[in-house]
Amino acid sequence: MGKIGEVELQATYFDVFLSEIIADQDRRICLRWSNKSVNEDITDMRPDAIISTLVQHEFGCPVGFGETKNGNASKQAVNLDVFRLGVASKHALDLHDLSACLAFMVNGYHISFFIVSNHKDTPFYTMTEIAALDFASSISDLHTFASRKNLDLLAGVNDCFWTTCTDDLTINTQKNALDDLVPIGDYLPLMAKSSKGKLGHSYRY
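So in this note's numbering, the last spot in the sequence shown is 400, and the numbers never skip.
Please note that the accuracy of each hint is not assured.
What the hints assert, rightly or not - Here are the simulated distance ranges between beta carbons:
id, residue 1, residue 2, range
1, Ala-272, Asp-347, 25 to 33 Å
2, Gln-251, Ser-332, 34 to 42 Å
3, Ala-327, Ala-206, 30 to 38 Å
Unchecked claim - Pairs of lysine to aspartate or glutamate, DMTMM-like flavour, derived with a Cα cap of 25 Å:
id, residue 1, residue 2
4, Lys-285, Asp-354
5, Lys-285, Asp-219
6, Lys-285, Asp-362
7, Lys-344, Glu-324
8, Lys-270, Asp-210
9, Lys-270, Glu-201
10, Lys-285, Asp-210
11, Lys-344, Asp-354
12, Lys-315, Asp-354
13, Lys-315, Asp-329
14, Lys-315, Asp-292
15, Lys-285, Asp-336
I should point out that these hints are in silico values taken from the structure, not numbers from a laboratory.
Quick reminder that beta carbons are idealized off the backbone N, C-alpha and C, glycines included.
From just these sequences and the hints, can you work out the full model?
Right, dumping it as structure tokens:
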């Protein structure tokens, strides 16, 4: 990865690319790179990216989240970010009565997409990886990225997001969903601290 950092990955490689498949001004859905807490009073979760609705000139409810690592991160650090995505998505599902949220994890030039779902009438939530691919790091690699397999995967992510995460969207906040929220810092002692290796090109969380 050299000296390419998270901000360069976001601005140079992934912002324009992701904005084409999971954002649409006409549908009032935007992608923003915030690195700010979703709700400072509720959680210390600070996602690198938020996919949210637009209500006039204000940001509405989040329908997705993203995290970025520069490719030199340890397996534990990447797993922690995936865990954060799950927690942030679960909170969004509860607060806004959503059926699903999209999450994406950028690790170097590799990106994975997940759907976090709330199974109604049950206490269970699932986080399922729906696609994973390597982005082109230069123009000379563009032909390997623009393969039929990758294009089909991206089309599937696009369709899954717009039909699952934004269909019949409501932005009503569920007040009673605030009762059981726990700051993400409270979860950290429960996570394994033995994973110190680095991920290769095969990513499974």
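Hint by hint, here is what the structure shows:
1. Separated by about 30 Å at the C-beta atoms, Ala-272 and Asp-347 satisfy the suggested range of 25 to 33 Å.
2. At roughly 39 Å, the beta carbons of Gln-251 and Ser-332 sit within the given window of 34 to 42 Å.
3. Distance hint for Ala-327 and Ala-206: a CB-CB separation of about 22 Å, inconsistent with the stated range 30 to 38 Å.
4. Taking the CA atoms of Lys-285 and Asp-354, the gap is near 21 Å; set against the 25 Å cutoff, the hint holds.
5. Only pairs whose Cα atoms come within 25 Å are accepted, and Lys-285 paired with Asp-219 is accepted, the gap being roughly 23 Å.
6. Restraint check for Lys-285 and Asp-362: satisfied, since their Cα atoms lie roughly 18 Å apart, inside the 25 Å limit.
7. At most 25 Å may separate the alpha-carbon atoms for a hinted pair to count; Lys-344 and Glu-324 meet this at roughly 16 Å.
8. With a CA separation close to 24 Å, the supplied pair Lys-270 and Asp-210 stays within the 25 Å bound.
9. For the given pair, Lys-270 sits about 16 Å from Glu-201 by alpha-carbon distance, which is consistent with the 25 Å threshold.
10. Of the pairs offered as hints, the one joining Lys-285 and Asp-210 holds, with about 24 Å between alpha carbons and a cut-off of 25 Å not exceeded.
11. Pair hint Lys-344 plus Asp-354 holds up; C-alpha atoms about 15 Å apart against a cutoff of 25 Å.
12. Pair hint Lys-315 plus Asp-354 holds up; C-alpha atoms about 22 Å apart against a cutoff of 25 Å.
13. A hinted pair counts as satisfied when its Cα atoms are at most 25 Å apart, and Lys-315 with Asp-329 does not qualify at roughly 34 Å.
14. The hinted pair formed by Lys-315 and Asp-292 meets the criterion: a straight-line CA distance of about 10 Å does not exceed 25 Å.
15. Among the hinted pairs, Lys-285 with Asp-336 is inconsistent with the structure: their alpha-carbon atoms are about 36 Å apart, more than 25 Å.
Hints 3, 13, 15 from the earlier list are contradicted by this structure; the remaining hints agree with it.
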